[in-house]
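Protein chains: 2
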Amino acid sequence: MELRVEIIGIGNELITGRIFDRNAGYAAGRLHSNGFKVTRILFIGDYPQAIRTALKEAQKRADAVLVTGGLGGTLDDITVEVVSHVFNRPLVLHPELESQLKRFLKKSSIPWDPLFEKMAWLPEGVELFHPRPKACGFFLEEKGKPFFFLPGVPAEMRRLLDRCIIPYLLHRHPGPGVLKQRIYKTFGLLEPEINQRLKDLESGDKTVQLGFYPNFPENHLTVLVRAEKALSAERKLDKLERVIEERLGPYIISKNDQTLEQVVGELLLQKKWTLSTAESCTGGLIGHRLTSCPGSSAYFDRGIITYSNRAKTEMLGVPKNVLRQAGAVSRETALFMARGIRKISKSNLGLAVTGIAGPGGGSPEKPVGTVWIALSSPKGERAVHYLFDGRREQVKILSAYTALNWVRRVLSDDSCLFSP
Amino acid sequence: MELRVEIIGIGNELITGRIFDRNAGYAAGRLHSNGFKVTRILFIGDYPQAIRTALKEAQKRADAVLVTGGLGGTLDDITVEVVSHVFNRPLVLHPELESQLKRFLKKSSIPWDPLFEKMAWLPEGVELFHPRPKACGFFLEEKGKPFFFLPGVPAEMRRLLDRCIIPYLLHRHPGPGVLKQRIYKTFGLLEPEINQRLKDLESGDKTVQLGFYPNFPENHLTVLVRAEKALSAERKLDKLERVIEERLGPYIISKNDQTLEQVVGELLLQKKWTLSTAESCTGGLIGHRLTSCPGSSAYFDRGIITYSNRAKTEMLGVPKNVLRQAGAVSRETALFMARGIRKISKSNLGLAVTGIAGPGGGSPEKPVGTVWIALSSPKGERAVHYLFDGRREQVKILSAYTALNWVRRVLSDDSCLFSP
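Top line first, the protein sequences correspond to chains A and B.
Throughout the first sequence, residue numbering follows our numbering, covering 2 to 421 in sequence.
Throughout the second sequence, residue numbering follows our numbering, covering 2 to 421 in sequence.
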């Protein structure tokens, strides 16, 4: 019997669209990958009546309930009071929490205020998770069903979920058999195309479940397998993986939930190669993505963001007459940029992007979305033309992604330099 | 009487945490700022029973229901079938939609497949929004309550919401009086501190509502005012704004929902100044943020990402002995970087960041999170030391934000160069 979990997110910021939730989604992912079934995620505002109804409904339907938000010290946080009321547990002062709070405020030179004290009053009989001053979570059991209350601050919420709640649930509900999941990130195929290529894999087999999730600019594919033992689940996943690789081939960016830049970084490390970048329309996004990986200094030497024409000439040696005649967004300029950064940095690879991100700057010959990507490598150089769809942000993201993906392909297979 | 709207997001990707929702949050924001009250946002999986229950419950409680997702062509999208069943409306083929779909696939050289045809079958009596091949939305009215069904692809969903649904709702439900909201983005104050400084503003006045929303690394403050006429609402907001500015002062980043980089860009344009950047630990993130604004080429000349020591010396002229003695993360190096980029680019401002983003690379003297930010300007130069908390990504974000915020302050007030 699968454990059905409902997640309730409390906060006016969620239902007024001020904040896009990251807590409930994260919790859902962690619960799901541990074999628990999240059946509902509900967001409501800081209204006593709405919280009351949500708690009571969830109690009826679910086996466990996880509540995030509404535990802060500001006036609109009322979860604790409603919980006290719904479960008939009067609020009591938790002295340990109060003194921690006071120590924290003193350390931070913030004067004491009754608003802070509110954070130390909790319903009777609850268990605290690791009392911490800035935000605190607690737990109660009502008619055999666990209710977890977590703060809305993402870092705190995730810490408590991972360290306290998941282990608790796994201990109490070890579950039938084993659930194993693999995630494939793909780029360049539409969702129905992926589906069409793979739809036979789950037909008639109830232990296999495929999922297709667009996650711009990637499409993600999840393969979930249930088996009696971990080993047989892994074997089945291996078998499926061979078929998936055969059918999706170069469209697969990564197999282990790695990011594109992690894959590129690992390939560079394996080859002991370095990469440097010359960015125009992406404005530093490629450098930012590459350096989001710890240890990227081993293979990313430098990047130059040449936003002006003068910078392209001064920093990368793009001739003025090339800029004048072919233009800043052209095959010639892209090649000079890639060649220039490779030479200056003495890196193995020089990657360059120049384009029109919009909304202005387009023309009939070079509309918004026109992008040239060039790569200079020991085996030669090449520039490729793209016309991306979307707003400024999307054009930037697509340009950076396509450029890094080209590097990934070239690192795996030299010939991709000439057929990206 | 306020119109109460419920939003239902359908898709296994949402309850398994594969995708963090951006649709429901966006819709909630747009509905809220147009004076409608979003009472619930619910996410459920692609299960007929769950969708059925959700639709029926929403029909009982809400005045209007907005459903996103589950309209694609893949096997797990079943919203349309359930809608047909719940509202007793048989599926019929929409020929216009089918022929559009065929034209689109032909244009994209994708072979026809019955999976695609499924997208052209819709419940009887529904109205289509702008039939478009890639994803289509529709509308039906049941017992006087409107149900809107939108695709899960964010760009399509937003387009239909903004162009069709909001205008429809505003036309049908003009609402009592006028609702006006202002958003203040702040940086550097904790949520309870902002609350403490402002809590008296809404006490006893039911027409004013404050909201406090952490949105890393910012804290957002919303002020919502209801009045009979737009003019009186604006007047009240102006009055409140003067108090808020007095009490939060330099902690306010922007007043019109502008991003920090938009504010910096406007200030640079006003002064006719240019900025160039020398980034180490931020790896291009500052350049990326600056260039996210259309027209940024008018004030952002270039950036250099010097990830290696060699690049710092070769590109920015940081002396080798400074790197050897003071280290790459030091006041001296940061100053040489800022000075170097200002000189090379001939920009008015040179901004430099060098630090240890982690998780490796820390030492007892320079732990992870140690960051030096330097600014070189016509009035002089200065480097400031920070110790940021958090993981690699957070250290990068905080470093980039703090650096840009310093530029913002210096552009508003020269003396902030020396007291950032």
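One should not assume that every hint holds.
Identical chains share a label here; the pair holds if one copy fits it or two copies do between them.
Computed list of lysine-lysine pairs in BS3-like fashion (alpha-carbon distance at most 25 Å, straight line) [to be verified]: (1) Lys237 / Lys272; (2) Lys207 / Lys119; (3) Lys321 / Lys347; (4) Lys367 / Lys256; (5) Lys119 / Lys272; (6) Lys61 / Lys146; (7) Lys380 / Lys273; (8) Lys107 / Lys200; (9) Lys321 / Lys344; (10) Lys207 / Lys344; (11) Lys103 / Lys380; (12) Lys119 / Lys200; (13) Lys367 / Lys108; (14) Lys103 / Lys200.
To be clear, the hints were calculated from the coordinates, so they are not data collected in a lab.
Just so we're clear, the structure is a prediction, and the values are computed from it rather than from any experiment.
Structure-based check of each hint:
1. Lys237 / Lys272: neither (32 Å within a copy, 64 Å between copies)
2. Lys207 / Lys119: between (50 Å within a copy, 24 Å between copies)
3. Lys321 / Lys347: Classified as both: same-chain Cα gap 23 Å, cross-chain 18 Å, threshold 25 Å.
4. Lys367 / Lys256: neither (37 Å within a copy, 36 Å between copies)
5. Lys119 / Lys272: neither (57 Å within a copy, 47 Å between copies)
6. Lys61 / Lys146: Answer is within: at 10 Å inside a copy they meet the 25 Å cutoff, but 28 Å across does not.
7. Lys380 / Lys273: Within. Shortest intra-copy distance 16 Å satisfies the 25 Å Cα cut-off; inter-copy 45 Å does not.
8. Lys107 / Lys200: For Lys107 and Lys200, only the inter-copy Cα distance (22 Å) is at most 25 Å; the intra-copy one is 60 Å.
9. Lys321 / Lys344: both (19 Å within a copy, 21 Å between copies)
10. Lys207 / Lys344: Answer is neither; intra-copy 56 Å and inter-copy 66 Å both fail.
11. Lys103 / Lys380: Cα proximity of Lys103 and Lys380: none, with 64 Å in one copy and 43 Å across.
12. Lys119 / Lys200: This pair counts as between: shortest inter-copy Cα distance 15 Å, intra-copy 54 Å.
13. Lys367 / Lys108: between (58 Å within a copy, 21 Å between copies)
14. Lys103 / Lys200: For Lys103 and Lys200, the Cα distance is within 25 Å only across copies (21 Å; inside one copy 58 Å).
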